[in-house]
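One-letter residues, chain by chain:
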Amino acid sequence: MKRAGRRTSRTGRAVEGGDAVKSRRRFLKLVALTSAAALVPATPRRTRAATAPKKSAPAAAARPAALENEIKKQKNATAQALKAIREFELPPGSEMAFVFSAQRAPRRGKPGSSKGGKP
Amino acid sequence: MSAIDEATLFAPVWQLSDRIRQRKLSPVELTEAYLARIERWGPKLNAIAFATPELAREQAKQAETEIGRGKWRGPLHGIPYGAKDLFSTAGIPTEWGAGCCRGQVFDRDATVVTRLRDAGAVLLGKLAMIEFAGGLGYRKADASSTGPCRNPWDRTRWTGGSSSGSGAAVSGGLVAFALGTETWGSILCPSAFCGTTGVRPTYGRVSRAGAMVCSNTYDKVGPIARSARDCRLILSAIAGRDPDDPTSSAEPADFRGGRAIASLRAALVPLDFSKAREPEARAAFDRAVTELRGMGLAMEEAKLPELPTAEVAGTIITAEALSAFERFHKDGSIVKLHDPYARYQWEINEGLRGDDLVKAWRVRHEIQRRTTEFFADYDVIVTPNFLTTAPGVDEDINVALDGYTDPAGAIGNTCGLPSIALPSGLGSRGLPLGFQIMGPPFEEGTLLDLGEAFQKRTSFHTARPPMEA
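One line per chain: the protein sequences are A and B, in this order. If you're matching positions, the first sequence starts at 1 in the numbering used here and goes up one per residue. If you're matching positions, the second sequence starts at 1001 in the numbering used here and goes up one per residue.
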C-alpha cells in the first residue's frame, strides 16, 4: 500500500513530513548525470512546454478535478517527506548506508583477460 | 496411508513432514487434496494467480517414489506450497500481479524456487499479490490483476498486502506454506490480518535472484506459515549465499538459536492504542506480553530512536521502484495497473532531487548506527503488528489504517532487521490480531526460539477460519 492523500508505506502506513522546494532544472541535470532516467517522464512536460508555442492546454489541465486533487495531495506528501529529510542535520561528510567499492579487473595476460595474452 | 481430512490441510509443516517421513501420509494424496481445495476456494478468495497442478503432481509423485525408496531429502520433502507470483518459474507465467505483465514467462526459476525444489517441496501454484508489490502505491485491495484478495476469516475483508495470496492461501488451508516478500510490511501485514506466522528475514538472508525487484535495497524474501517451527524449517531450506544475488549474505544459514530466554532482554514498544480502530488490540497485545513474561523474557518499555525513518524509507523505496518499473512507464503499459494513481508516480515524485536521495542514504546510515546502539541494550523489540484487524475489501486503506505510522516497520525495513509476526487472538469481529518480535540482523534464530516458545504456551496460531463446508 502506498501514497494517496498522504504518503504511506507498502502497507498503507502513513509517513509524516512538511513542504518541499522544487528545482526541476537542477533535478533534470542531476538525473541525467546519475543515469536516474527512471525519474524522467516519458511524456512532454513543463520544461518543454515553457519554450514551445501553446498549441493546446497541457495534458494535466484535461484531467478530472478529483484526479488532479489526489495527485496534488500525493505531491504534497512527497514534499513533506523530502522536507523532513532536508531538514535533518548530519555531520558534514557523514557516510551513506552503502559503500561503493572499486572492482578489481583481471590483469592483462592472465587467464580470463579479455585483452589477450602476454606478448 | 489414510484419506486426507480437512484438519490435515491445516496441519503445520513439521507435523505433515513427520507423517510423510513415516509413510503415514502420501505426498501424492496430500497434493491432490490441496489442489481440490485450491479449485474450490481459490476463486472465492482470489488467492491464486496460477495453479500448477501438472507440475505439482509430477513433483509429488517423485517425492513419494524417493521417500518410498528411503531417500528422504529433509523436512520439506513432499510438502506442497505456493509462491507469490513475483518469483520466476521456468515456463510458468509470472505476472507480478500487474495487468501490464500479462503473459510474462521467464525461462528460469528463482533461486528460492530452485532451493525448494531441491528440498523436495511441491509447487502447487503462484499466489496472488498486489500489482508490483505496491511499489507504485495503491489504496484499495483491488490493485491486483487477480482482483481483491479475500480473507478466509471473512470474505468481505482484505488479507493485507502485498503478499495477499500467500496470507490467504496459508490461512485458508490451500497450501501448507507460502513464500512472500517484504519491502515494507508485505509479509507482516498479511500475517497479521490472516492469523498466520510470518518471518521477514534480515536483508540478504534469502536470495532475491529471480524475484521481481521492487526496491533493490529493501526487498526481502520470507515464509508465511502456520507456526514458528515451520518458518524455521522453510528458512533453513531457502537461506544462504547465492552467487546470482550479490546482496545475499555469506552468514551461515543456521536458525537454531539456542539462547536462554531468561537471558534475553526485550524492549517493549506498546505504541499509541488510543489510535487503535480495533478495541481488542490492546487486550490482545497485553495477553501476548503476559505470555512472554511467563516464558521468562525480561521486558521494559522503551522508545525507538526518533529519526525521520519513515520519510527515508518512503523516499528510497520510491526512487528504487520508479527505476525498477521504468520500462512500463516508458512504453505506456503502466495504464494497465488498477491503481488509478500508479501511472502518475513519476510526476508526483518529480520534486525528488538527486541530493535528496543521497541525503536519504546518509540518514539511513545514521538510522542504522542509532539502531545498532539501541540493540546494545536490548536483544529484541516486542511491539504490536497492527492496531486494527483486516479492513474491508472496498475500504480505502489509507483511511482504514489512518494514524498508524508503523515506527517498528520503518526502522526494521530501513535497517534490514528480521522480524517474526505471531498471532495473538481474535478481535471484536472474530478477525485475527497479532504482534511482532524484531531483532538485530541475523538473529532470526532467537526470534524463532521466542516464537516457538510462545506458540507452545498458546493456541492462537492453530485457530482456523470459519470457512463454511
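Simulated from the structure, these hints should not be mistaken for lab results. The C-beta atom is built at its ideal place from N, Cα and C for all residues, glycine as well. You may find that some hints are simply not true.
As the list claims (entries may be wrong) - Stretch-level coverage of chain B by chain A, calculated; a stretch enters the list once three of its residues show a Cβ under 8 Å from a Cβ in chain A:
(1) 1005-1019
(2) 1081-1090
(3) 1432-1439
Stated by the list, open to error - In the SDA-like style, the derived pairs of lysine to any residue whose C-alpha atoms are separated by at most 20 Å in a straight line are:
(4) A:K73 to B:E1347
(5) A:K83 to B:K1336
(6) B:K1303 to B:Y1378
(7) A:K83 to B:R1117
(8) B:K1336 to A:V99
(9) B:K1044 to B:G1147
(10) B:K1275 to B:R1287
(11) B:K1456 to B:D1154
(12) B:K1071 to B:Q1022
(13) A:K83 to B:R1362
(14) A:K83 to B:K1071
(15) A:K72 to A:E89
(16) B:K1336 to B:D1154
(17) A:K72 to B:E1347
(18) A:K73 to B:Q1022
(19) B:K1071 to B:R1117
(20) B:K1336 to A:L67
(21) B:K1359 to A:K73
(22) B:K1044 to B:D1154
(23) A:K72 to B:D1396
(24) A:K73 to B:P1093
(25) B:K1336 to B:E1326
(26) A:K72 to B:G1351
(27) A:K73 to B:R1343
(28) B:K1359 to A:S94
(29) A:K72 to B:V1399
(30) B:K1359 to A:V99
(31) A:K75 to B:T1405
(32) A:K72 to B:E1350
(33) A:K73 to B:P1340
(34) B:K1359 to A:E70
(35) A:K72 to B:K1359
(36) A:K75 to B:Y1378
(37) B:K1336 to A:I71
(38) A:K83 to A:M96
(39) A:K73 to A:A62
(40) A:K83 to B:W1361
Agreement of K73 (chain A) and A62 (chain A) with the hint, judged by alpha carbon distance not exceeding 20 Å: With Cα atoms ~18 Å apart, K73 (chain A) and A62 (chain A) stay inside 20 Å; holds.
Agreement of K1359 (chain B) and E70 (chain A) with the hint, judged by alpha carbon distance not exceeding 20 Å: It is violated: about 27 Å lies between the C-alpha atoms, which goes past 20 Å.
Within 8 Å of chain A's CB atoms, at least three CB atoms from the segment 1005-1019 of chain B: coverage verdict: violated (count 0)
20 Å Cα cutoff - pair K1071 (chain B), R1117 (chain B): Holds, at roughly 15 Å.
Hint consistency between K83 (chain A) and W1361 (chain B) [alpha-carbon to alpha-carbon, up to 20 Å]: holds (15 Å)
Coverage claim, chain A over the segment 1081-1090 of chain B, checked by counting residues with Cβ within 8 Å (three needed): violated (count 0)
Hinted pair K1044 (chain B) and D1154 (chain B), Cα distance within 20 Å: holds (11 Å)
Restraint status (C-alpha distance of K75 (chain A) to Y1378 (chain B) at most 20 Å): Answer violated: K75 (chain A) to Y1378 (chain B) is near 38 Å, above 20 Å.
Proposed proximity, R1343 (chain B) with K73 (chain A) (alpha carbon, max 20 Å): Given pair K73 (chain A), R1343 (chain B) holds - Cα atoms ~15 Å apart, limit 20 Å.
Given hint V99 (chain A) paired with K1336 (chain B) - CA-CA distance at most 20 Å: violated (37 Å)
Proposed proximity, Q1022 (chain B) with K73 (chain A) (alpha carbon, max 20 Å): violated (60 Å)
Pair hint K73 (chain A) and P1093 (chain B), alpha-carbon separation not exceeding 20 Å: violated (36 Å)
Comparing the model with each earlier hint shows violations of hints 1, 2, 3, 5, 7, 8, 11, 14, 15, 16, 18, 21, 24, 34, 35, 36; every other hint is respected.
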